[in-house]
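As you go down the protein sequences, you meet chains A and B in turn.
Residues in the first sequence are numbered consecutively from 1, following this note's numbering.
Residues in the second sequence are numbered consecutively from 1, following this note's numbering.
Think of the hints as simulated: they come from the structure by calculation, not from any bench.
Possibly wrong hints are sitting among the right ones.
Claimed, not checked - Derived PhoX-like pairs (lysine-lysine); straight-line CA-CA distance at most 20 Å:
#	chain 1	residue 1	chain 2	residue 2
1	A	K110	B	K146
2	B	K17	A	K7
3	A	K98	A	K157
4	B	K283	B	K257
5	A	K182	A	K253
6	B	K257	B	K17
7	B	K15	B	K283
8	B	K17	A	K111
9	B	K202	B	K15
10	B	K15	A	K98
11	B	K114	A	K274
12	B	K114	B	K146
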Amino acid sequence: MFLNIIKTEWLKLKNYLAFWLLLLATAISYPGINAIVYYGYDESTKPKNQSGQLIIMLVGNPFHFPEVYHTTAFLSSFFTFIPAIVVIMLITNEYMFKTHRQNIIDGWQKKTFVWGKFISVVLVSLIVTLFYIAVATVLGYIATPDVAKVEVFAKAKYMPLFFLQIFTQLSFAFLLGLLFRKAFVAYGIFIFYGLIFENVAVAFLKIKTKQFGGVDYGQFLPLEISDRLIPIPAFIGRFNEADYKIALANMDKHIAYSLVFVLLTWILSFFIFKKRDL
Amino acid sequence: MSVLQIHNLSKSYGKIKALDNVSFDVPKGSVFGLLGPNGSGKTTLLSIILDILGSDTGSYSWFGEASTYVHRKRIGSLLETPNFYHYLSAVQNLRVTHSISQRGDEAAIDEVLKTVNLYERRNSRFSTYSLGMKQRLAIAGALLGKPSVLLLDEPTNGLDPVGIAEIRDLIKGLATAGHTIIMASHLLDEVEKICDHVAILKYGKLIASGPVQSVLADEDCYLVNAKDKLKLVAIMQNFPGVGRIHETAEGIECYFKQTDLDPETINQYCFGHQLVLNQLVQKKKRLEEKFFELTGQP
Chain A
1 MFLNIIKTEW
11 LKLKNYLAFW
21 LLLLATAISY
31 PGINAIVYYG
41 YDESTKPKNQ
51 SGQLIIMLVG
61 NPFHFPEVYH
71 TTAFLSSFFT
81 FIPAIVVIML
91 ITNEYMFKTH
101 RQNIIDGWQK
111 KTFVWGKFIS
121 VVLVSLIVTL
131 FYIAVATVLG
141 YIATPDVAKV
151 EVFAKAKYMP
161 LFFLQIFTQL
171 SFAFLLGLLF
181 RKAFVAYGIF
191 IFYGLIFENV
201 AVAFLKIKTK
211 QFGGVDYGQF
221 LPLEISDRLI
231 PIPAFIGRFN
241 EADYKIALAN
251 MDKHIAYSLV
261 FVLLTWILSF
271 FIFKKRDL
Chain B
1 MSVLQIHNLS
11 KSYGKIKALD
21 NVSFDVPKGS
31 VFGLLGPNGS
41 GKTTLLSIIL
51 DILGSDTGSY
61 SWFGEASTYV
71 HRKRIGSLLE
81 TPNFYHYLSA
91 VQNLRVTHSI
101 SQRGDEAAID
111 EVLKTVNLYE
121 RRNSRFSTYS
131 LGMKQRLAIA
141 GALLGKPSVL
151 LLDEPTNGLD
161 PVGIAEIRDL
171 IKGLATAGHT
181 IIMASHLLDE
191 VEKICDHVAI
201 LKYGKLIASG
211 PVQSVLADED
221 CYLVNAKDKL
231 KLVAIMQNFP
241 GVGRIHETAE
251 GIECYFKQTD
261 LDPETINQYC
271 FGHQLVLNQL
281 VQKKKRLEEK
291 FFELTGQP
């Protein structure tokens, strides 16, 4: 069954120019943001004088192996909104062309249709993760003076963490697309929620932690739950060591929270599509 | 044997009852017409039996079994509008249809595109097609792999007269080859020419169903004429079993509840009343008249 689903989804996407252009935009944005930060860092630390050495002492070597996998994952995660367009488009296009109905009429079960989208979101997340790994690895080789002397993959755990983060957030984007059916509505809500509402809510709930029995409920919000899989990089963490250590200590908890969130998102997606008239 | 059995299907949208306890069977090998004015529930009914909509009550079965997705793979369907990926060509869209339904193969895709006269434009994107071409592609999708059952909702929508004639011939040919065809249409002439069975819906209620001849044949109509029309009307009003009598430009139309009335009986009756008929024609009532009569339309 799954081979047939993959084949069918591939037939839908392989000649879809907008899909490939958006993936290309993602492929460009990842090296883009990381290169900008890297060159900023590189320029600041180049002078062999005291100021250059001071910056190195202060922020360390964020683009050296193995820390580069952490730094790049954190910086790349700001660009989730580009693959989110792809994912929202995957489902809202079906509603726009009414092909979600035709797929069922032609013989798919409703659950097969949602499995198709699940697989597509997994594949988009994998492709995006590969972009991140490629960018991190190339930057690591450029920035690290003596690669042979470092443990290149000591922080390779950020690869699966990045995948889990992107998959969790893209699953949320998919759910919005499924709920609202129109691309501009779903994407507008995703952007407004992700860039404005949730940030305000997280800050507010953090301030109110004491009033809520010492629990920071902001950590359970849809995007924040997986944002905390990749804490701020070490060079920023140095400015607030205590918070940084807490963030690192909470990573494992957020793996569990994210997995539960993903599970609930897809259970809800299957349920909505099954119960809704097409 | 019935290909499709519908049992007490009902569906409401809020206070509006789109389908009200509808039941009928579609015999195997029949060309079954589903008739009804706009909003009568035709598309709702077709959507339910294709699992696009859920019914409030009732059930249906395909091929004598409880309906599953496996049955839908064996049915070539065109429901309401042609639904295809706008950025894909005809061939690419039909590959998706094939991949899902498992009907046909690469050669069959070419074959159906030739059948509906789209082969020359097979590599053009769907978004560049005219309404008629989109409809042809939807018919091609339904025909892919020669399914044993075809379900066509307004199949000649958007087609030009030549296209309508071609699709009509195509449907007749498929029916002759033993395919079961379920066709919803508002073109009564089309249904009358193609279908051998019919179901008529009005406001979600089934008001008639069965073989076309039996749905039509609950009344006989004779057109009679004589020099003295006044006397003819007066005599015919006393004919046993006569119903309505209409005077038209052609003559006097007499409707009889008795459906096996022999024209000779009418002739003898009039002659017995010293009136010689100069015209006696049995008029076959057309589906259109019957439809308007049943649905209360003008």
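Against the structure, the hints:
| no. | hint | in the structure |
| --- | --- | --- |
| 1 | A:K110 / B:K146 | violated, 24 Å |
| 2 | B:K17 / A:K7 | violated, 41 Å |
| 3 | A:K98 / A:K157 | violated, 41 Å |
| 4 | B:K283 / B:K257 | holds, 14 Å |
| 5 | A:K182 / A:K253 | violated, 34 Å |
| 6 | B:K257 / B:K17 | violated, 33 Å |
| 7 | B:K15 / B:K283 | violated, 42 Å |
| 8 | B:K17 / A:K111 | violated, 29 Å |
| 9 | B:K202 / B:K15 | holds, 17 Å |
| 10 | B:K15 / A:K98 | violated, 26 Å |
| 11 | B:K114 / A:K274 | violated, 37 Å |
| 12 | B:K114 / B:K146 | holds, 14 Å |
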